[in-house]
Each structure stands twice: as C-alpha cells, then as structure tokens.
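Chains as they are written, first to last, in our numbering: chain A, 349 to 556; chain B, 349 to 556; chain C, 349 to 556; chain D, 349 to 556.
Careful: at least some of the hints might be erroneous.
Calculated Cβ distances over 10 Å to all of chain D for the following chain A residues [stated by the list, open to error]:
| # | residue |
| --- | --- |
| 1 | Pro378 |
| 2 | Cys424 |
| 3 | Glu426 |
| 4 | Lys429 |
| 5 | Lys449 |
| 6 | Asp453 |
| 7 | Gln460 |
| 8 | Lys469 |
| 9 | Asn530 |
| 10 | Pro551 |
Label pairs and their computed distance ranges (CB to CB) [as the list claims (entries may be wrong)]:
| # | chain 1 | residue 1 | chain 2 | residue 2 | range |
| --- | --- | --- | --- | --- | --- |
| 11 | A | Asp425 | D | Ala420 | 24 to 34 Å |
| 12 | D | Ser381 | C | Ala465 | 44 to 54 Å |
| 13 | D | Thr457 | A | Ala467 | 28 to 38 Å |
Under 8 Å between C-beta atoms, here's a sample of chain C residues computed to sit facing chain D [stated by the list, open to error]:
| # | residue |
| --- | --- |
| 14 | Ile415 |
| 15 | Arg417 |
| 16 | Asn418 |
| 17 | Val461 |
| 18 | Leu462 |
Quick caveat, the hints were computed from the structure, so don't treat them as lab data. All of these numbers come straight from a predicted model, not from anything done at the bench. In this text, a Cβ means the ideal position worked out from N, Cα and C, and glycines have one as well.
Take a look at the letters that make up each chain.
Protein chains: 4
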Amino acid sequence: MKNFSTIPLAALALLLPGAAFAPASAQGKPADSVSVLIVYHSVQGHTAALGKSVAEGVGKVPGAVAISRNAAEVKCDELFKADAVIVGSPVYWGNMSGVVKTFFDRWSTDCQVLPPAFAMKDKVGAAFVTGGEVSSGKEVTLLTILAAMLGNRMIVVSDGQALGATATTGEGKSPLSAQELNEGRQLGERVARVTQALKRGRPPAPKS
Amino acid sequence: MKNFSTIPLAALALLLPGAAFAPASAQGKPADSVSVLIVYHSVQGHTAALGKSVAEGVGKVPGAVAISRNAAEVKCDELFKADAVIVGSPVYWGNMSGVVKTFFDRWSTDCQVLPPAFAMKDKVGAAFVTGGEVSSGKEVTLLTILAAMLGNRMIVVSDGQALGATATTGEGKSPLSAQELNEGRQLGERVARVTQALKRGRPPAPKS
Amino acid sequence: MKNFSTIPLAALALLLPGAAFAPASAQGKPADSVSVLIVYHSVQGHTAALGKSVAEGVGKVPGAVAISRNAAEVKCDELFKADAVIVGSPVYWGNMSGVVKTFFDRWSTDCQVLPPAFAMKDKVGAAFVTGGEVSSGKEVTLLTILAAMLGNRMIVVSDGQALGATATTGEGKSPLSAQELNEGRQLGERVARVTQALKRGRPPAPKS
Amino acid sequence: MKNFSTIPLAALALLLPGAAFAPASAQGKPADSVSVLIVYHSVQGHTAALGKSVAEGVGKVPGAVAISRNAAEVKCDELFKADAVIVGSPVYWGNMSGVVKTFFDRWSTDCQVLPPAFAMKDKVGAAFVTGGEVSSGKEVTLLTILAAMLGNRMIVVSDGQALGATATTGEGKSPLSAQELNEGRQLGERVARVTQALKRGRPPAPKS
Numbered sequence: 349m350k351n352f353s354t355i356p357l358a359a360l361a362l363l364l365p366g367a368a369f370a371p372a373s374a375q376g377k378p379a380d381s382v383s384v385l386i387v388y389h390s391v392q393g394h395t396a397a398l399g400k401s402v403a404e405g406v407g408k409v410p411g412a413v414a415i416s417r418n419a420a421e422v423k424c425d426e427l428f429k430a431d432a433v434i435v436g437s438p439v440y441w442g443n444m445s446g447v448v449k450t451f452f453d454r455w456s457t458d459c460q461v462l463p464p465a466f467a468m469k470d471k472v473g474a475a476f477v478t479g480g481e482v483s484s485g486k487e488v489t490l491l492t493i494l495a496a497m498l499g500n501r502m503i504v505v506s507d508g509q510a511l512g513a514t515a516t517t518g519e520g521k522s523p524l525s526a527q528e529l530n531e532g533r534q535l536g537e538r539v540a541r542v543t544q545a546l547k548r549g550r551p552p553a554p555k556s
Numbered sequence: 349m350k351n352f353s354t355i356p357l358a359a360l361a362l363l364l365p366g367a368a369f370a371p372a373s374a375q376g377k378p379a380d381s382v383s384v385l386i387v388y389h390s391v392q393g394h395t396a397a398l399g400k401s402v403a404e405g406v407g408k409v410p411g412a413v414a415i416s417r418n419a420a421e422v423k424c425d426e427l428f429k430a431d432a433v434i435v436g437s438p439v440y441w442g443n444m445s446g447v448v449k450t451f452f453d454r455w456s457t458d459c460q461v462l463p464p465a466f467a468m469k470d471k472v473g474a475a476f477v478t479g480g481e482v483s484s485g486k487e488v489t490l491l492t493i494l495a496a497m498l499g500n501r502m503i504v505v506s507d508g509q510a511l512g513a514t515a516t517t518g519e520g521k522s523p524l525s526a527q528e529l530n531e532g533r534q535l536g537e538r539v540a541r542v543t544q545a546l547k548r549g550r551p552p553a554p555k556s
Numbered sequence: 349m350k351n352f353s354t355i356p357l358a359a360l361a362l363l364l365p366g367a368a369f370a371p372a373s374a375q376g377k378p379a380d381s382v383s384v385l386i387v388y389h390s391v392q393g394h395t396a397a398l399g400k401s402v403a404e405g406v407g408k409v410p411g412a413v414a415i416s417r418n419a420a421e422v423k424c425d426e427l428f429k430a431d432a433v434i435v436g437s438p439v440y441w442g443n444m445s446g447v448v449k450t451f452f453d454r455w456s457t458d459c460q461v462l463p464p465a466f467a468m469k470d471k472v473g474a475a476f477v478t479g480g481e482v483s484s485g486k487e488v489t490l491l492t493i494l495a496a497m498l499g500n501r502m503i504v505v506s507d508g509q510a511l512g513a514t515a516t517t518g519e520g521k522s523p524l525s526a527q528e529l530n531e532g533r534q535l536g537e538r539v540a541r542v543t544q545a546l547k548r549g550r551p552p553a554p555k556s
Numbered sequence: 349m350k351n352f353s354t355i356p357l358a359a360l361a362l363l364l365p366g367a368a369f370a371p372a373s374a375q376g377k378p379a380d381s382v383s384v385l386i387v388y389h390s391v392q393g394h395t396a397a398l399g400k401s402v403a404e405g406v407g408k409v410p411g412a413v414a415i416s417r418n419a420a421e422v423k424c425d426e427l428f429k430a431d432a433v434i435v436g437s438p439v440y441w442g443n444m445s446g447v448v449k450t451f452f453d454r455w456s457t458d459c460q461v462l463p464p465a466f467a468m469k470d471k472v473g474a475a476f477v478t479g480g481e482v483s484s485g486k487e488v489t490l491l492t493i494l495a496a497m498l499g500n501r502m503i504v505v506s507d508g509q510a511l512g513a514t515a516t517t518g519e520g521k522s523p524l525s526a527q528e529l530n531e532g533r534q535l536g537e538r539v540a541r542v543t544q545a546l547k548r549g550r551p552p553a554p555k556s
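Could you put the whole structure together from the sequences, leaning on the hints where they help?
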C-alpha cells in the first residue's frame with residue numbers, strides 16, 4: 349500500500365476568488381483552524397492517490413490541516429479530535445471494502461459513538477472512491493459511506509461528482525486522470541471551507 | 349390533500365438546553381433569520397402531517413421561519429430565497445413519488461440550477477417520508493432525495509431516523525405516532541440550527 | 349425523441365456457445381416464445397439508442413421478441429402480457445426521470461398491480477440508464493428501477509455493468525461507444541435467456 | 349452467537365395452493381433437488397432467528413434443502429455447490445456488518461468468482477436483515493447485499509418486505525414478531541421455488 353503524508357498548513361495559500369466559503373477577512377481566527385481527517389483503504393494505491401489529492405485540496409484552505417490515516421489503524425481519539433472526516437474506499441462488489449466497513453463498525457464497538465449522545469454529531473463528512481468499472485459500485489459505495497455518516501448525525505457534503513470524488517481504475521489504467529485528481533482536490537477544499545463556516549458560526553459552549 | 353400553514357417566527361421560544369447548535373447569545377443578529385422551505389407531496393395527508401411536525405421543529409428555533417409548499421406548486425423563486433429546503437414524499441414503489449421527482453426535474457428545466465454554477469449550492473437539505481410498510485422504500489426514498497440535493501452541492505443533514513424523519517402508515521394506522529411526529533420536529537429543529545450556524549459562519553460577500 | 353422499432357423474432361440466429369442459458373434443444377417449444385417489453389424515456393436520443401441495443405440483444409435469442417415503448421405511453425395491457433420488462437431512464441438529479449417514475453406510479457393507480465396479488469410477480473426485470481457524468485447517478489437510477497421491480501416481486505437480473513447497462517453521455521460525446529452498446533446487447537440477451545428458462549421450468553397452471 | 353441447524357428435506361410437505369411456482373407434477377425430478385445456502389452474521393441472535401425462519405420457508409418446498417452457515421466460516425466450496433444463496437446481516441451504521449462485507453470480499457480473494465467467468469452467475473440470491481430502528485439502514489443493507497449479488501450476475505428475488513425479509517429489534521423487543529418470522533418463511537419459500545423453476549428450465553449442458 350502506498351503511503352501519503354500529512355499535508356501541512358498552507359498558511360500562505362492565496363484565496364480562490366469566488367469560492368462560496370472563501371474567508372474574506374477571517375484568517376487568524378481560531379475558528380479557522382480546522383482539522384480534516386482523511387481515512388482510506390488502498391491495496392493497489394489508487395485510493396491512496398485519490399486521497400492524496402483530497403488532502404491537497406484541504407491544504408489549499410488557510411487554517412485547514414489534513415491528517416491522513418489508514419482505515420485499519422485510525423484511533424478513536426483521532427476521530428474525536430477531527431472537525432471533519434473524509435472516508436475513501438475501493439469498490440468491492442458494489443460497496444465499501446470490508447476493511448472500511450469494519451472501520452465504521454469500530455465507531456460503535458471501540459469508540460462508543462452511540463445514540464443518543466452521537467459523539468460524531470455535527471462533524472462534517474464526505475467520501476471518495478475508486479473502482480475498476482465505470483458504473484459498478486462507485487456511487488453505492490459513496491452513498492453508503494455518507495449514509496453511515498448521516499446515521500451518526502454528521503453534516504454531509506460532496507464535490508467532484510454528485511456524491512463525492514471518484515476514479516475509474518480498470519486494467520491498465522494508471523495513474524489517475526488529471527480530472528479525477530482535480531475532483532479530489534475540489535472535495536477536500538469544499539470540506540475544509542464548509543467546516544470552517546460551521547466552526548465560526550457555531551455558538552460558544554455555555555460556561556459552567 | 350390536507351393543508352398546513354406556515355409556522356410563524358417563534359421569537360420567544362425557550363432555548364433547548366444542550367442542543368448542539370443552540371445559540372447562546374446570537375439572537376437578533378441578521379444571520380439568525382433563516383428561511384426553511386418545506387416541500388411535500390401528500391395524497392392521504394400522512395406526509396402533510398409529518399411535514400407539519402417538521403415545520404413545528406423549525407419554529408422552535410428563534411429566527412427561523414418555515415414555509416410549506418406543495419411540490420407541484422413551488423416556484424423557482426421560493427427555492428432561491430430559501431436558506432434550507434426539506435423535501436417530503438410518500439413512498440411509491442420504493443422511491444419518491446413521480447410528483448416529487450418531477451419537482452426535482454424542474455430544478456433543471458424551469459429553475460436552471462445547473463452546473464457549474466449550482467444555484468442551490470451550500471443551502472442545507474434534508475428529507476422526510478411516509479410509507480405503508482416498515483421496510484419497503486422509506487430509506488431508499490430518503491436517500492434519493494438526499495442524493496438529488498448532494499448533486500446540487502447542498503449541505504445535507506438528517507435527524508429522527510438515520511436518514512431523516514419517517515412514518516409508517518399502513519392500513520388502519522392513523523394518525524401518526526407521537527414518536528414519529530417528534531422525530532419530524534427533531535429534523536426541523538436541527539435543519540434550522542445548522543442553517544443558522546452556516547449563515548453566521550459564512551464570510552461576507554466581497555464588496556465591489 | 350428518437351424512435352426504434354420492435355426487433356422481430358430472430359428465429360434463425362445461431363446460438364452463442366457457452367452461454368449459460370443457451371437452449372441446447374428447446375427451440376420451437378412454446379415456452380421459448382417470450383416477450384420482452386422495453387420501456388424507456390429519452391429526450392436527446394441517448395437512452396433510446398441504448399434501448400435499441402438492448403432490443404438487439406433480445407433479438408439474438410431464438411423465440412424472444414422485444415417490444416419497445418415510450419414510458420409515457422405504455423399501456424397496462426402491455427405490461428401484463430410481457431414476460432419481462434426492461435426499463436431505461438436518463439439520470440436526472442441522481443435518479444430516474446420524473447417521466448419514468450410516473451410510469452412506475454401508474455402501475456398502482458392505472459394498472460392496479462397491487463399487493464397482495466402482485467400482478468407483475470415473477471416477471472423478469474432489468475434496467476439501463478444514460479447519464480452525463482461518470483458517477484453522478486447512473487447506479488442510483490439502476491438500483492431504484494430494480495428496487496421498484498423487486499417491490500413488485502419481479503425477478504431481477506443485470507448485465508453489462510454490475511447493475512445493468514449504462515452509457516456516459518457528457519457534452520460532445522455522441523454516439524454511444526461500441527462497448528456501451530455491446531453491454532446493452534448483453535443485457536437484452538441475458539434477460540431473454542433467463543426469462544425462457546423460468547418459463548420452461550415453471551409448473552403448468554392447475555387445471556380447473 | 350446462537351446456532352440453528354440445517355433444515356432437512358421436507359419431502360412430504362403439502363403444496364401450498366396457488367403459489368406461483370408450486371410444482372404441480374414435478375416432484376421427484378432431479379431438477380427439484382435444490383440447495384439453498386443461508387449465510388448470516390448474528391451477535392445477539394436476532395439475525396440467526398430470522399435466518400431460521402428463512403430456512404423453514406425453504407424446507408416447505410419439496411426437494412429444497414436449506415444449509416445454514418456463519419458468514420465468517422462459510423467455505424468457497426459451499427458457495428459453489430449452492431443453487432441459491434440467501435445472506436443475512438444485522439444493520440451496522442446503515443449497511444451490512446463488516447463481517448458480512450468481508451464475507452463478500454472473500455468471494456474475490458479466496459473463491460476467485462471473478463469476471464468475466466462469474467462463477468456465481470445464474471445462482472439465485474436474496475437477503476434478510478435485522479436492525480434496531482424502523483428506518484435506519486435495513487433497506488440500504490438489503491439493497492447492498494442484492495447489489496453485491498447482481499454484480500456477480502446472480503438472479504435476485506425478494507419477499508416479505510419489498511427488498512427482502514426484515515425485523516426491527518430495538519431495545520427490549522424480543523423475540524421477533526410472528527409477522528417478521530412469517531416474512532422470513534415467505535422469502536425462503538420463494539427463493540426455493542424460483543430456484544427450482546430455473547433449474548428445471550435451464551437447458552442441459554452440452555455433451556462433450
């Protein structure tokens with residue numbers, strides 16, 4: 349499995365004009381410091397490559413930091429600290445891989461993010477996938493990742509394709525196309541911007 | 349078809365303690381004035397009744413106003429003005445009704461909310477459904493309503509059940525149960541609070 | 349909307365060697381006379397073109413006849429007479445078009461194919477779709493067409509891609525690719541063969 | 349995990365009048381000997397209990413045998429020998445459990461049921477699920493089990509609810525209701541009858 353490292357804070361990145369959530373004057377405020385956890389499973393490196401582009405997109409947003417983890421290794425504490433979680437999976441038989449599904453199952457068994465408390469509530473969620481065929485499970489995989497997040501009462505967004513970032517990775521097709529990688533960056537950037545807006549706009553916790 | 353009227357601004361409602369997005373001190377700010385459009389299709393009155401409870405939930409949030417419209421009659425201008433849109437449908441053959449699907453199709457043909465501009469982008473979306481059997485399409489209907497919203501680059505949330513508010517309305521079962529109506533209220537309230545947080549946190553549009 | 353005509357009985361077609369349901373010696377038996385109704389909605393002609401390839405696939409099977417109808421015009425009697433129904437739709441906002449959804453709704457309102465009788469029970473069903481983007485709703489559309497059929501207790505198959513035949517029809521891409529059309533033919537042929545096997549194997553109705 | 353044993357051949361069971369595939373005169377023919385593999389994952393016993401009712405339904409059909417296996421233990425050879433496979437899962441975060449998903453992943457890695465050969469092609473498939481809430485993932489779980497089967501080019505049916513047999517198993521609710529168990533039996537019986545019809549109607553393999 350290929351690895352990709354955490355994208356550092358792109359503190360000096362120029363703002364994209366016209367982006368819906370582009371902060372006009374808010375840099376430096378604590379609310380802009382958001383942490384986006386990217387969790388993925390990748391055997392051949394395709395999903396890792398798409399995840400890397402998602403992380404690059406997060407890194408384009410001043411104040412946002414992407415942290416990338418393998419689905420089999422991510423710890424509960426990392427979930428809890430994140431302001432947003434983006435999950436990536438290869439398509440196995442029209443659904444996320446067993447490794448990614450088991451990652452979600454551990455949210456209950458290991459991390460106890462259970463109702464009615466819903467420890468992951470109001471974090472932002474999104475998904476990306478890679479699959480060997482055009483229409484053999486990428487959407488279902490995206491949708492079921494988002495469904496797992498909605499069940500946790502997370503706030504869900506997409507970008508790239510309708511339900512998230514995707515790449516078609518059939519025999520002999522390597523590396524990912526420029527458009528696919530660009531859609532991954534769009535997803536990462538959008539998640540970071542929506543997460544910042546929510547963090548800024550959320551009322552302070554009541555003092556005890 | 350039963351009707352239900354717009355829920356007025358519940359300006360004096362008490363805040364629920366502990367709610368994730370309960371505004372601690374933000375009342376009166378313009379950002380707290382959010383408009384939630386509830387669009388539904390209802391033949392026997394069940395979906396209208398659940399929509400009424402969703403509107404009541406919106407009304408519990410100071411500054412939030414619910415506007416309810418029939419899916420066949422809602423105008424493009426009403427979509428554009430809304431900060432959030434919650435769509436309700438009966439389950440017909442495991443999916444939203446043709447009336448509700450045609451409502452979404454009009455987003456393209458009549459309202460021109462097309463890519464890459466995505467006129468509905470960053471509005472909040474959610475769904476509620478009623479169906480005659482326990483597991484014969486309510487979830488698929490919720491999920492496809494949310495998928496339509498994600499394709500429009502809306503920001504999607506749920507509450508009540510995992511994917512939104514639901515009611516099971518088989519033969520002889522009427523009216524909706526107290527729990528079902530309560531889940532409708534939960535959904536409406538959550539949509540209003542997330543919409544306020546996003547509106548508060550969104551950076552101001554650049555001055556020209 | 350483009351039109352395509354009914355594919356006549358390809359009585360002399362050679363059998364494909366190795367096909368799972370290729371009839372070894374059964375030609376001429378009444379059970380091999382199966383009627384496959386292809387129902388589609390097409391505005392730009394893409395879905396009609398894919399439907400034409402599906403009909404060609406049906407026509408490759410001796411004894412099988414494809415009948416193609418516009419979703420807005422198909423009559424209940426045509427549904428009832430068919431041994432199999434294959435439904436095709438363009439993707440509109442991540443789901444079948446309102447026209448196709450309304451076609452399914454008419455199964456209840458006009459054709460009265462209701463539980464517990466389930467007039468469409470045990471007919472074979474399948475789906476094909478066209479969409480402008482790689483992963484923006486084709487699978488969800490296939491899956492919801494199949495879900496509507498399963499709710500009617502039909503027997504569902506796919507071919508081509510995992511959930512049915514598909515074509516990606518973005519700007520400037522025309523006509524459909526040879527592979528897409530071939531997958532359409534695969535779907536039609538498979539539906540015809542499975543329908544024949546079921547018809548042959550079904551016990552005769554009890555004599556009164 | 350509770351266990352349930354294989355339901356023996358109910359050789360003397362009376363035929364249900366009016367059942368769509370009730371064999372009128374075909375008993376004793378080799379084609380009527382069908383093997384239905386029931387694969388499930390169950391922690392609290394709910395899914396096992398529903399699986400037991402599915403097996404009972406299979407056992408009502410003369411000639412049909414149900415074999416029940418734990419998802420973590422089923423062997424490739426058992427998959428290959430089966431004429432039909434019915435998969436049951438609890439709902440974990442709106443999808444099948446990681447154990448069941450990993451079972452499907454082993455179809456590729458261990459059992460090599462890969463395209464284009466598709467070793468599971470033309471076997472009959474169906475699904476059953478249990479979940480703690482009314483509308484929090486049972487349908488999505490059913491649908492993704494069926495999607496995995498369709499990707500393998502299996503022939504898919506449902507019964508009970510629209511997409512398969514289900515039980516709602518919230519806090520304090522035990523055991524399963526009579527209706528839920530009955531829907532499980534309906535599913536098992538229908539799978540057995542459709543499998544027999546297909547086996548009877550399938551042309552003999554060519555002699556070498």
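Gln460 (chain A) and chain D, when compared Cβ to Cβ, separated by more than 10 Å: 13 Å, holds
Given hint Leu462 (chain C) near chain D, where the shortest CB pair must fall under 8 Å: 13 Å, violated
Supplied distance hint 24 to 34 Å, evaluated on CB atoms of Asp425 (chain A) and Ala420 (chain D): Holds, since Asp425 (chain A) and Ala420 (chain D) (Cβ atoms, about 29 Å apart) stay within the stated range.
Status of the stated non-contact between Cys424 (chain A) and chain D (beta carbon gap over 10 Å): 15 Å, holds
Consistency of the no-contact label for Asp453 (chain A), given chain D and a CB cut of 10 Å: It is violated; Asp453 (chain A) is separated from chain D by about 4 Å at its closest Cβ, not greater than 10 Å.
Distance restraint hint 44 to 54 Å, applied to the beta-carbon atoms of Ser381 (chain D) and Ala465 (chain C): 31 Å, violated
Hinted contact Arg417 (chain C) with chain D - closest CB pair below 8 Å: 24 Å, violated
Interface hint status, Asn418 (chain C) versus chain D (Cβ within 8 Å): For Asn418 (chain C), the interface hint is violated, since the closest Cβ of chain D sits about 26 Å away, which is over 8 Å.
Distance restraint evaluation - Thr457 (chain D), Ala467 (chain A), Cβ atoms, bounds 28 to 38 Å: Holds, since Thr457 (chain D) and Ala467 (chain A) (Cβ atoms, about 33 Å apart) stay within the stated range.
Non-interface claim for Lys469 (chain A) versus chain D (Cβ beyond 10 Å): 14 Å, holds
No chain D beta carbon within 10 Å of Lys449 (chain A)'s: 4 Å, violated
Distal placement of Pro551 (chain A) relative to chain D, Cβ over 10 Å: 28 Å, holds
Violated hints, listed in ascending order, are 5, 6, 12, 14, 15, 16, 17 and 18; each of the other numbered hints is respected by the structure.
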